[in-house]
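Visitor: The residues making up each chain are set out below.
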Amino acid sequence: MIRVGIPRALLYYYYYPMWKTFLSELGAKIEVSGRTTRAILDQGVKSAVDEACLPIKVAFGHVANLAKKVDYLFLPRLVSVANREYICPKFLGFPDMVKRNLKDLPPVIDVTVNIRRRNRDILSAVWAAGKIFTSNPLKIWLAYRRGLESLKIYRSFLEAGIFPEKAIRATEHVVNGRLKAGAREDAIDDAVGNILTIGGSNSAAAKQIGNKVAAGNNSCRKDVGKFTVAVIGHPYNVYDNYINMNIIGKLRKMGARVVIADQIPEEVIFENTDWLPKKLFWTLGQRITGAAKYYLEKDCVDGLVHISAFGCGPDSMIGELIERYSRRQGKVPFLNLTLDEHTGEAGLVTRLEAFLDMVRWRRKVS
Amino acid sequence: MKVTFPHMGTIYIALRGIFNSLGVKTVVPPPCSKKTIALGSRYAPEFACMPLKLNLGNFIEAAEMGADTIIMGGGCGPCRFGYYAHVEYEILRDLGYDYNLIVIEPPEGRVGETLAKIKELAGGKSWVQIWKALSFGYMKAKAVDRLEMLVLKKRPREKVKGTTDYFFRKALEAIDAADTQAKLSRVVDDALAGISSIAEDGRERYIPKVALVGEIYTLLEPFANLDVERRLGLMGVEVERSIYITEWVNNHLLGGILKGMRPRRHSREAACPYLNHFVGGHGQETIGNTVLYAKEGYDGVIQILPFTCMPEIVAESILPRVSTDLDIPSISLIMDEFSGAAGLVTRLEAFVDLLRSRKRIKQRQRQTVQVATAGR
Chain A
1 MIRVGIPRAL
11 LYYYYYPMWK
21 TFLSELGAKI
31 EVSGRTTRAI
41 LDQGVKSAVD
51 EACLPIKVAF
61 GHVANLAKKV
71 DYLFLPRLVS
81 VANREYICPK
91 FLGFPDMVKR
101 NLKDLPPVID
111 VTVNIRRRNR
121 DILSAVWAAG
131 KIFTSNPLKI
141 WLAYRRGLES
151 LKIYRSFLEA
161 GIFPEKAIRA
171 TEHVVNGRLK
181 AGAREDAIDD
191 AVGNILTIGG
201 SNSAAAKQIG
211 NKVAAGNNSC
221 RKDVGKFTVA
231 VIGHPYNVYD
241 NYINMNIIGK
251 LRKMGARVVI
261 ADQIPEEVIF
271 ENTDWLPKKL
281 FWTLGQRITG
291 AAKYYLEKDC
301 VDGLVHISAF
311 GCGPDSMIGE
321 LIERYSRRQG
331 KVPFLNLTLD
341 EHTGEAGLVT
351 RLEAFLDMVR
361 WRRKVS
Chain B
1 MKVTFPHMGT
11 IYIALRGIFN
21 SLGVKTVVPP
31 PCSKKTIALG
41 SRYAPEFACM
51 PLKLNLGNFI
61 EAAEMGADTI
71 IMGGGCGPCR
81 FGYYAHVEYE
91 ILRDLGYDYN
101 LIVIEPPEGR
111 VGETLAKIKE
121 LAGGKSWVQI
131 WKALSFGYMK
141 AKAVDRLEML
151 VLKKRPREKV
161 KGTTDYFFRK
171 ALEAIDAADT
181 QAKLSRVVDD
191 ALAGISSIAE
201 DGRERYIPKV
211 ALVGEIYTLL
221 EPFANLDVER
231 RLGLMGVEVE
241 RSIYITEWVN
251 NHLLGGILKG
261 MRPRRHSREA
271 ACPYLNHFVG
281 GHGQETIGNT
291 VLYAKEGYDG
301 VIQILPFTCM
311 PEIVAESILP
321 RVSTDLDIPS
331 ISLIMDEFSG
341 AAGLVTRLEA
351 FVDLLRSRKR
361 IKQRQRQTVQ
371 VATAGR
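So the protein sequences, as listed, match chains A and B. Start counting the first sequence at 1; every next residue gets the next number (the working numbering). Start counting the second sequence at 1; every next residue gets the next number (the working numbering).
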């Protein structure tokens with residue numbers, strides 16, 4: 001069986017279920033790198049050029065970690081996932097950067113995903129990737145459709161406020177329920193555990209569960225007891241608990257309820273980027289700015305934390321715009337945290353404590 | 001309406017020419033200086049690339065001189081430049097500067113909007129007049145580019161150090177002041193003749209040929225690159241710059257229709273298999289141009305980029321492989337507001353030393369081979 005490696009980095013957090021389903025349906029066995037550790041970060045810092053942003057360095061580390069264990073590396077070149085938008089220049093060049101800087105790599109599947117002009121341009125990437133495993137176009141097409149379904153299910157879990165690690169397991173659960181009868185159940189929370197008992201199409205099932213969880217987790221209301229803090233940033237910064245030193249965990253321990261950008265449905269994000277003077281051509285940036293505006297305007301948070309990575313180009317512009325918007329609104333405290341490869345937690349903890357103090361005082365005053 | 005625009009090398013000459021022809025009052029910001037970057041860095045986001053900080057500094061200084069309208073270019077990404085104008089505007093607004101912002105975006109199918117903006121800028125002049133003004137500005141830019149190419153060849157060879165720069169400065173002032181086509185032609189002919197006739201140091205010696213690649217702003221703005229072209233020239237190095245503003249305009253805005261340029265370098269094609277996709281800015285061109293310069297026998301390549309420039313960082317991480325594979329020395333110079341001239345000079349000197357010693361080694365190897373074959 002062909003082993004294909006997917007690094008747990010960059011847009012793994014948005015697309016893994018789709019890639020896993022697509023490649024598995026074509027007969028591949030998927031290997032994912034482990035969670036980020038000191039060793040992975042160090043390896044990445046060593047192999048990537050100094051000026052690269054932290055997420056890219058981490059990604060290098062994950063790729064290096066996987067390289068010896070697989071027959072192929074799946075590193076799609078994610079140019080654009082939405083019309084007239086891009087991801088970021090480093091993503092456009094990522095496969096080339098990896099190939100020229102890491103040694104002894106297995107063959108890299110670096111198909112170009114570019115739907116900047118037309119949605120159907122995705123098909124060339126699907127075809128190019130599928131060809132490696134089979135010459136049967138129907139099989140490739142079906143694998144792609146199933147991949148899309150997995151993605152839809154995954155998205156509804158994310159919108160329900162479930163974080164990627166759990167959402168990925170939940171999605172697999174749903175998908176496996178249809179692919180293999182009698183699959184072993186993983187230990188997932190009660191809220192998502194009883195999926196198999198609900199009939200109907202799998203996306204609908206997930207949405208039902210999602211809505212139930214949503215009623216608990218993400219309805220836009222301020223808690224009378226706890227304060228609500230929005231943590232927004234790129235998914236590979238927000239969800240990688242090693243490089244963000246478990247900010248979300250720390251905030252929860254300090255008594256805050258945390259909401260994130262991915263809980264907001266796509267259409268709502270879109271409505272909330274109207275205030276920008278010009279359409280933002282970074283897809284990930286749109287999500288961050290839309291979420292920031294939504295939470296600030298709807299008055300459902302007591303504070304806003306923006307996580308940015310050292311050296312991130314889009315973050316420097318978006319962070320600036322959000323900060324200015326937040327300041328003009330004047331409603332809630334805003335904290336901009338920059339992550340880099342330093343591992344000393346004290347600085348981060350101090351900032352979070354000071355921030356939550358401000359949040360508390362504000363609440364007391366109002 | 002008093003229009004201002006950011007500095008980028010000698011582009012102010014063309015822009016002033018265009019606006020003066022249209023009778024639009026311009027406020028050219030003072031040349032970029034330590035004050036400019038200090039102002040810009042204070043108010044700009046910390047990790048914004050240096051061009052944004054210099055732009056901001058330019059606008060603040062221009063506002064103090066009475067400018068009330070900014071004209072800037074836009075972009076569609078993925079490089080940050082496409083959002084510069086808007087971020088700069090927000091910062092200026094919060095600082096209390098009441099600027100009117102006009103951004104010329106790439107048409108992308110909405111040519112009408114772009115044309116309307118140009119008409120607004122031109123203060124309602126006719127399209128014929130606008131065309132004439134644009135051509136005049138372009139002629140000035142072309143003249144400056146021709147002079148620059150000549151200067152880069154002359155500087156390493158001049159007998160008395162500093163002569164070329166003196167005549168170059170005078171020529172720029174004259175071109176800037178010329179207000180008719182006739183005067184411009186005369187000034188340009190004089191300048192070309194004058195610089196061509198500068199006395200050369202006729203010694204037989206090795207003059208390394210080094211190409212500059214990288215991000216367009218830091219390549220064109222001497223303050224941003226700490227005057228690297230002049231420094232190299234005075235070290236006896238012939239510099240070739242990969243980007244000239246008229247070439248850029250011709251290739252990106254006019255579809256390459258204008259003749260009389262250097263032939264179009266197919267730099268993006270040349271970048272394969274090292275960098276196989278557009279990455280924004282001039283990232284792919286940087287790699288492609290390095291490949292081409294290596295094949296054309298250049299002695300070395302210097303990449304210049306602002307700190308955090310995303311496309312160039314992609315290129316920077318791939319450049320060492322190209323350099324090794326094609327046996328052409330390369331160095332990447334990262335510029336930001338903390339860059340000091342001393343550090344730059346040290347690196348340049350080391351690099352030029354490397355080039356000279358490589359040449360010596362190669363010559364010795366050739367002589368050894370000649371002796372060996374002669375002896376048979």
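The set of hints was computed from the structure by calculation and includes no laboratory data. These numbers come from a predicted model, not from an experiment. Among the hints, a few may not be true.
As the list claims (entries may be wrong) - Computed cross-link-like contacts, PhoX-like style, restricted to lysine-lysine with a CA-CA straight-line distance of at most 25 Å:
(1) 278(A) with 295(B)
(2) 364(A) with 253(A)
(3) 362(B) with 295(B)
(4) 69(A) with 46(A)
(5) 279(A) with 117(B)
(6) 153(B) with 132(B)
(7) 119(B) with 279(A)
(8) 295(B) with 99(A)
(9) 279(A) with 253(A)
(10) 119(B) with 278(A)
Visitor: Within 25 Å, alpha carbon to alpha carbon, are residue 295(B) and residue 99(A)?
Guide: It holds: about 23 Å lies between the C-alpha atoms, which stays within 25 Å.
Visitor: Would the pair residue 362(B) and residue 295(B) pass a check requiring their Cα atoms to be no farther apart than 25 Å?
Guide: holds, 17 Å
Visitor: Take a quick look at whether residue 278(A) and residue 295(B) sit within 25 Å of each other, Cα to Cα.
Guide: violated, 42 Å
Visitor: With a cut-off of 25 Å on the C-alpha distance, tell me whether residue 69(A) and residue 46(A) pass.
Guide: It holds: about 20 Å lies between the C-alpha atoms, which stays within 25 Å.
Visitor: Does the alpha-carbon distance linking residue 153(B) and residue 132(B) stay inside the 25 Å limit?
Guide: violated, 32 Å
Visitor: Please work out if residue 119(B) and residue 278(A) have their alpha carbons no farther apart than 25 Å.
Guide: It holds: about 21 Å lies between the C-alpha atoms, which stays within 25 Å.
Visitor: Does residue 279(A) pair with residue 253(A) here, judged by a C-alpha cut-off of 25 Å?
Guide: With a Cα-Cα distance of about 38 Å, the restraint between residue 279(A) and residue 253(A) is violated, given a limit of 25 Å.
Visitor: For a C-alpha distance cap of 25 Å, please report whether residue 119(B) and residue 279(A) respect it.
Guide: Roughly 23 Å separates the two Cα atoms, so the pair holds.
Visitor: Compare the distance between the alpha carbons of residue 364(A) and residue 253(A) with 25 Å, and conclude whether the hinted pair is satisfied.
Guide: holds, 20 Å
Visitor: Can the restraint linking residue 279(A) and residue 117(B) be considered satisfied, given a maximum Cα separation of 25 Å?
Guide: Satisfied, since the Cα-Cα distance of roughly 18 Å is no more than 25 Å.
Against the hints set out earlier in the document, violations occur for numbers 1, 6, 9.
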